[in-house]
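A.B. asks: Chain by chain, the residues:
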Amino acid sequence: MKIRREVEVFLRTVLGRAYPRLIGLQREKSWLFFDILLPLLQVSAFVFVYQAIEAPPEFTGFVVLGGAMTAYWLNVLWSMASQLYWEKETGNLALYIMAPTSRMAILLGMALGGIVATTFRAAAVILAGSLIFQVTFAVARVPELLGVFLLTLIALYGMGMLFSSLFLLFGREAWHLSNLLQEPIFLLSGFYFPVKSLGFWVALSASIIPITLGLDALRQLLFPGLLPLGFLAVEYELGILAFLSVLFVWLAHGALRHMEDLARREGRLTVRGQ
Amino acid sequence: MTVDQQPEIAVRTEQLRRIYKAKRREGAQREIVALDGVNLEIKRGELFGLLGPNGAGKTTLIKILTTLLAPTSGRAWVAGIDVTENPWEVRRHINMVSGGESSGYGLLTVEENLWMFAQFYGMDSKTARQRIRALLEVVGLADRAKTKIYHLSTGMRQKMNFARGFLTDPEILFLDEPTLGLDVQTARVLRAFIKQWVQERSDKTILLTTHYMQEADELCDRVAIIDQGKILACDTPANLKKRLQRASIFRLQVSALEDPDSLFADLEGISQFAHVERNGHTELHFILEDEHSLMDILGAIQRSAGHLISLEKREPTLEDVFVSLVGHGLSEEAP
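Chains as they are written, first to last, in the working numbering: chain A, 1 to 274; chain B, 1 to 335.
Everything labelled a hint here was simulated from the structure, so no lab data went into it. Note that the Cβ used here is the ideal one computed from N, Cα and C, for glycine as well. The reader is advised that the hints may include incorrect statements.
Claimed, not checked - A short, non-exhaustive set of chain B residues, derived as facing chain A with CB atoms under 7 Å:
#1 Leu68
#2 Leu69
#3 Ala70
#4 Arg91
#5 Arg92
#6 Ser102
#7 Gln119
Same shape as in the complex, but just chain B:
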């Protein structure tokens, strides 16, 4: 398929639903709805993010789009091809990298493993070796090309998997939490490469799932927020943040509070509230409909004998959007 022949929509789903059946101890079957009528459209050339907590349905969606799982109902097209009717054809256009993946054979070197996977795509050895060298440079693994992969650390192995995904220069690339467990520096390098790769190739599309809000904010043209199998919102990060422009967002650090949930339960004007225990203190996050509610919050803290350590008002982030939609945060920061 030439660039001109490629469809404008790289990925489309229509009322996509997936139900898993799990057996209970007593033998009865329980249904788990992993995807619940998902409708998505990802344009060609987009770097599209899918944000959601564990169990939200992100990986299930990716599995369906990469032909590893059949939907229970609904339809999905990748590169304009129906994933259920013609999975074979879809596979010519895609590749995938999953975080925490342990693929490959320990006895083979990094270079050999990548060469082996390139063979499954019919790539000639010369081209494969050139691309492997270039990609290993990018991910900072060039000096480990001849190392057997059972000698690699988890992070290095993840870098190798990352290189594997890009090796075949796919039209549509699925990145399922690709920076999971990586150190800060490596994650930054990989994020920069993802951005550059898609910017330099207008015909390439990436679907990225991530836990890390900053990652989605930094990389993605558009983001969909998914929870309990449903897409709750889908827009550019800037537009999503605009939704909270009228709201006031505060972060308070106070001495350890005993039961923050009940302390603020009866207060009015709080649209979202989350708390995290950190270094013996309680960190409180509020999205307020009205800034004046802050006085009531401070009063409640004082009554509970808590001491205010710091107070910060800030601009809405993608995390705030997420919290306002899902009702809780992810409380993980990108490496």
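Same shape as in the complex, but just chain A:
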């Protein structure tokens, strides 16, 4: 009975915290401009570069996919990692901590709401990019494609949950760290070029960011013509993504508990304007 009640509270918390993000999609229409048009402009720049050097047409799809996936990375940085800093500033964090619910459920709600909302944005970028630049995708290995996509999101948002708990202690530093992580990851994860070209060791190191392998595997599956540009075999990438998913969620759980205790001792849970 007690376990059933705990599960119910957990699920309701996930739903409750996901709700603002889901409803935001409908109520805050500015995303149609900022999250579709602006990424498309960036994608266009790379498309024109590839077209100017007469790269194979698959490169256009390659870039459109990378452009769409930037939405997830930005969402993880700004709406997961540094989110608890904003929650602290508004006073929500104190109410989350004081509620008899799992912190992981709060983070999971944030993540699920973020995933759904960002998927709409990413899908819109892919749709618009495909129509404008006439991209064709070879959707053949559907189960693997879905597996890679889901594991990439689980690992990526698991990492977001881990960052979120680590940033529980930080004030404005969280904001600066997110800024610091944004552009370098665009480069290291190969958002607009094959990550293999960075060299094996750099690409391997960059693989700690789940989007690196996720993007590489998605490209291999959707553009078989560019298979030689793939970093690792898709099966390996799937395995590593599965490992990263478990690792990040597990680390996030431990870090959240540890950081909450530390923040309570240091009195940082409710300090504003840090």
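Add chain B to chain A, keeping to what the hints say.
C.D. replies: Relative to chain A, chain B alone:
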């Protein structure tokens, strides 16, 4: 936990101490004692007030009791559960409302925000919506249920937060300056609701911190006066006021005085003295050990070329008790 199983003492603290470490410019650390050996016992069903000036330690105490802050030493129990050892369990029994709180999400309506917070307590949507409707009626926000909260005024937002605190029907509710910044009418409505809520539910306990003496006097069964992290007195408002029954309390309004502190410094028989500048006049508050000292005070005013505008002798209030214990007043009136 059923009503019968609930402990008779809702909140207890034992030598509770909290020290904050603040960094100085030169890098050295400075210690600030926010709570200094606080011992308190609040009975189940009590509406207990905590009175103190800014920085007295009221909010620190509430933060510890609501599991948001760990004490440096000492122990605290809420609903019979140790807040340090088992914060998770404590959270099932409590809720809190803070004055000036800006929680919630601007994109959501009042109703949606409250529903969201209810979900964190595992409340089913039907019950949540029924309670939300009832509470919004009480706080006078029913017509704003569908308004996004970024359109609300500060006062309206505070009303919503107030409703959030009561929404989960907690066993022990912490109200940290709940009427802060509210207009007179709203503050009265909320105070009436607080009183009614605790009277109708004998098993519910409220710990209220406030700046407003009248609020504490009107609402609380017992009041503790806290200053510089220490509890200076703890009793019913009536008993606290009885402490000053033998003293004479005067309020004088005089033409502007240049230096009231030094003017009365050498006079005997004054146990407490405070002054406020108001509308170009000086308002003097005295607690006198002996009524005859009034003649010396009037003499001093005359010598300083001041003119007496009004003189009032009155019964002791909670504010007088506060002044006699802390040494200065709060000089704020409840809305």
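A.B. asks: Compare the structure with each hint and give your call.
C.D. replies: Hint check:
no. : hint   : result
1   : Leu68  : holds, 5 Å
2   : Leu69  : holds, 5 Å
3   : Ala70  : holds, 5 Å
4   : Arg91  : holds, 4 Å
5   : Arg92  : holds, 4 Å
6   : Ser102 : holds, 5 Å
7   : Gln119 : holds, 3 Å
Every hint, counting from the list given before, is met by this structure.
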